[in-house]
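First to last, the sequence lines map onto chains A and B. Mapped onto this note's numbering, the consecutive letters of the first sequence carry residue numbers 1 to 628. Mapped onto this note's numbering, the consecutive letters of the second sequence carry residue numbers 629 to 1179.
Zero decoy hints are in this set.
Listed below are the simulated BS3-like cross-link pairs for lysine-lysine, each with C-alpha atoms no more than 27 Å apart in a straight line:
1. K619(A) x K777(B)
2. K485(A) x K1140(B)
3. K1167(B) x K458(A)
4. K619(A) x K776(B)
5. K1167(B) x K485(A)
Ranges of calculated distance between the beta carbons of each label pair, as one might list FRET restraints:
6. A1114(B) x E350(A): 51 to 61 Å
7. N1164(B) x F553(A): 24 to 34 Å
8. K937(B) x S322(A): 55 to 65 Å
No wet-lab data here; the hints were simulated from the structure. Owing to the predicted nature of the structure, the values given are computational and were not obtained by experimental measurement. Idealized CB from N, CA, C, for every residue including glycine.
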Amino acid sequence: MNQFLARLMTLRQRPVLVTVVVAALWGLASADWLWFRPGSPGVITAVLRWGAFLAATGLAVMWTRWAIWHGSADPVRRSAVFSATFVVGWQMSVFVSDAMAWHVVTTQLARAGTVLLFLVGLMWVVYGVEMASQFYDRLRKSSGDPVEQAADLGGLLGPLTLWALLFPPGVIFWSRRQRHPLRWVALGLLPWASLHFLCFPHWLDQLIGIARWSIAGGNGERIYPVADYLGAVDDGRWLVGIGCLLVVPAAWSFWGWDRRRRIAADTFDQLCGTPGDPVDRWWRNDLDGTAYNWNPLDQNAWYYGQHSRKLNQSVAALVSYSFAFALTFLLLGQLGGCSEIYEMPAGGGEQQQIVQQVKVQKVIKRKYIVNPFSAILFQVPPIDDIKLQLTELTHHAYKVGYGQGKGAGYAGGTNLGKVRFIRLEYSGGDWDQDFGIGADLNMLIEYNVRTQQKVHNKTESRTVSQLNNFPIGKSPPMVYLTGQKSISLSQNEVKALRTYLNEKHGMIFGDNGGSGHFHNQFMAMMRRVLPTIDPVPVPLDDVIHRIPYQIPFLPYVAPHGGQVALGWKVDGRWVCYYHPGDIGDAWADGHAGVKPEIYEYCYQLGTNVINYSHAEYSKWLEARKQKK
Amino acid sequence: MARSTQTKEVTVLTSRRLVVALVVLAAAITPSASAARLDQMSLDRWKKLREVERYQLKIAEKYFGEKKWKVALAEYEKYLTLYEDSEAAPYSQLKWSLCQRELRKLNTAIKEGFQSVLDYWPESPEATASMYFIGQTYKNMGEIRRAKKAYKEVIATYPKHLVAVYAINDLIAIATTQKDTKTRVDLWKTLAFDIKRTRETASICRNASKNLASFQFYSVAFDEGVKALETTWKEQSLTSQVVAHLHSPVRTLCGDQKQQARGLRLADQGVAWVRQQVPSERVTDEQKAAARQHFYWIADLYQSSGRDKKFEATYAEIQKVFGTDDDLLGRLAGFYRGKGRYVDARACYSRFENRINGNSGIAETYYAEKKIEPCVMAYRRNVALDTKNPNQWHSTIAGTYRAVGQYDKAIAIYQELLKADLKNTQTWLWNIATTYRDWRKDKEAIGFFRQCTNFPSNYSEMAMCHRRLKQYKEAVTLYNQIIGGAPGSAPWALLQIGYTRESAGQKEQAIKTFQQVCKRFPKKGEASRAHAHLQNKYKISVTLGGGKKDN
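Just chain A, same shape as in the assembly (with noise of 0.2 Å):
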């Protein structure tokens, strides 16, 4: 024990090497809680998981502490230490409001702590620069030459620079200057995008997403620039007509360009210009051999112009850190859930319906004896008045599920599989309607209780381009969509959720959560994502309303969309399931104030639908297990 100690108060000597093994900790299990393995964990990863953050977050406070109480320290350190408690503290915010499922709260954490993220690295950046341009001022006021001297100190560290981080604004500065701003960022634009496409193979801009990367256009559509690009260039015949287009013109356009520089050049000089200043010299291209200041670092780099020198790099520096921050989270967030699969529970079960037993419970009365002579009148009660109580039970007559297999399940899953609830993010309108504890998370509680299957202990949500994470024969059964205003689907998300529901025989439970409006939107995406198949009333007696509980009526809450299910089918299989009253309110807590026996049928519906889906996924899996 007092050897542990030992060691303990030995560390405590060397906070740098504790703070970066933790770190390195925290960096792992966070990319494995948000990349690798996303999703509830078995106990040891979960544990692990607490251990690191929690270490992580501690060491986080004592840096904190020392912070505050060294406030006569460097204030850089100072902010460093208190930037990098923000990052922890957030991140820890996130994992456990996660990991109590407070999905709403876990929403707006991330974005709020993204916002602030971007605010604190934007600091960081303004104080970079800045303090970089002084300490070239300085070099430059106390050296002889500075342009030698500047070209040296940024030889290095320059281009590289630039090239990474420069590029969007200087392409856009460089096009300010020009009379045809258009054509010359395509003359800027084109040359990379060809150097692209013949030093970069595509499948590792699919690899890392950047490919899915999308932005909103107008009409709801939503426009991906480079998997257009990428789908352009693959056609070898692009590559000729870059040639053409860019070359010729280019070559011209260059020439055109020199030529007015020169003579700008020698129009500025004769009116103001200052012939020792290393930035004139270079506009009137008069260097002589000496090294054009290619630092941007440094404020008198060639590319800030002549005026406003200090105002361009503070916006270049904005743009680009901007560009940075905005492709780093892109590409991180493109990460999330490469390798997510989706198990059924393993097991088998009969597609019967579940038996309602009725229980004939004789209840005797009381026999009065009566005296007829009494003088008191009352009314007697006849003698063989014996009520009958019948008591309804569900009795579970067989397994629920689908195939051979011990325990109720489905014979395509796995011992680790469970059923989860999966419902769909989509833009313009609230996916999140009753999401959640005390909402749908309910419905699947019950679906464990009514059907004895495995299931997770949180309902959880992707988005649409999220299904192409899941490979085939490892996607989920069945994904919920429910709302009450637009659905707004990319051309890309109409595509994945086609593959989702044909090649990966899926399916989707839609769910009028509020207006006529909602009702309107699910068609027309249907409209878009099967344009061959036309919706049809979901019959009463169809397998989805029989089995394993027979569903008389349609149960609703409010006729939001109709009073009748619809449903899109496909080779016999039902790929969508359409309700149009609300279910999902049923589920959750209050059950809308709807009667017992409508909410008690809409758990019935809700078992039923979640029951077909994975039972028609369990016979497709096993169909293609005989195929091979």
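Place chain B on chain A using the hints.
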């Protein structure tokens, strides 16, 4: 070479778009198969029934006619139990299946109903119908593959029967959904050219020939299109149909720069063909009118193809050959108005023999140009000319003032009309009230709405005016009167009470009212809106609603 390939690709792409457009168009006009006659029994067979059988069957038929499906189902079942060997047993089984279908038990309808007819009474007329209904039911439940198989079996088994035509028509609907153009065209050809026209098949075959013609015209196969229409129409009605079906393809093709040449070719083919059809004999008035109609069609085709000069030249030709009249001038003026050439249009209208119609046209052109005073002047001329209907023109003038926001002038005219035209007092009162409402003079509007008798519309308008005046109590009283007096509008009125109470700041009462809407009218759209409003505005999910679809 590359350019020609590109052009071909563009042509293919555009053709695809055209085909899609055609498919959508055809889907819109293709009627669903009407199988009404298939579920009726012939009088000869009714005659063969015993009195008791007829009695029981009539009871079942009565409930079927009243759409009480559950009761009808039980009655047909009773008939089958009691008179299993009767002549009407297969018929009863068929109707039992149809009841099941209406109760949305489609699988039961097929397996225990239609299939039973086929199994137990294969020679009966109902077996034929059942075979078709099996296909139709499969289609209704989304089992398209099975539906197609069933329909093909129907066509193969009963090629001459009416069910074959219905089956083909349903197959066309499926092909439309599946965007299978080839199948659609083949089936249209079958219906148009091969099926014998009877009273039952005529409308289906006529639609098929129309759709086929449209398709052929979009594909610039003019002769094929005409052949398709020739199966249904003859002589002048054929010309009329050809022109009617040419307009859309010509306009679409000519509107697309890459397809313009094809569009012009199609239009020229149409014009040449119509010219051939122009009657040579022009002795009687009818013959002259018919000949002139052909020229109008030619001009219309030129207009659709965007050749305005040829259009005008054709009209000049008509004037030269047939002379000028109001009809011709009206058409020409309409063309000028469409092109925004209002001066030319007015020149045409001013040449009208019927001065009233001419002035009316002139007024409309001024109104289109937002020149209100000349427009009113033109209408005023009609007041003087049309001595039989001066009120009509006064009303039009008032409407014009109202449309441009000169409410005071409009009301002054309506007031005059109120005094002058006692027969239509209610109309003028309503117009005055709605004009005051549009003018946001709610107090005055309420006064006039109160004099109107078109309950509950006037009450709802009055309530809305009170709400705008923040007199919420009065509005609620009026809505309550609507609830009491017009049960059909009760859900709407109750919902409005909720909104009114909300505006009045009576939050709790508003919530209770919205919950009442959900509870009292759970199957109405108002319940849906109240439910959504409670959720969105008050975050209340307990709405006391909930219901089920009864059959």
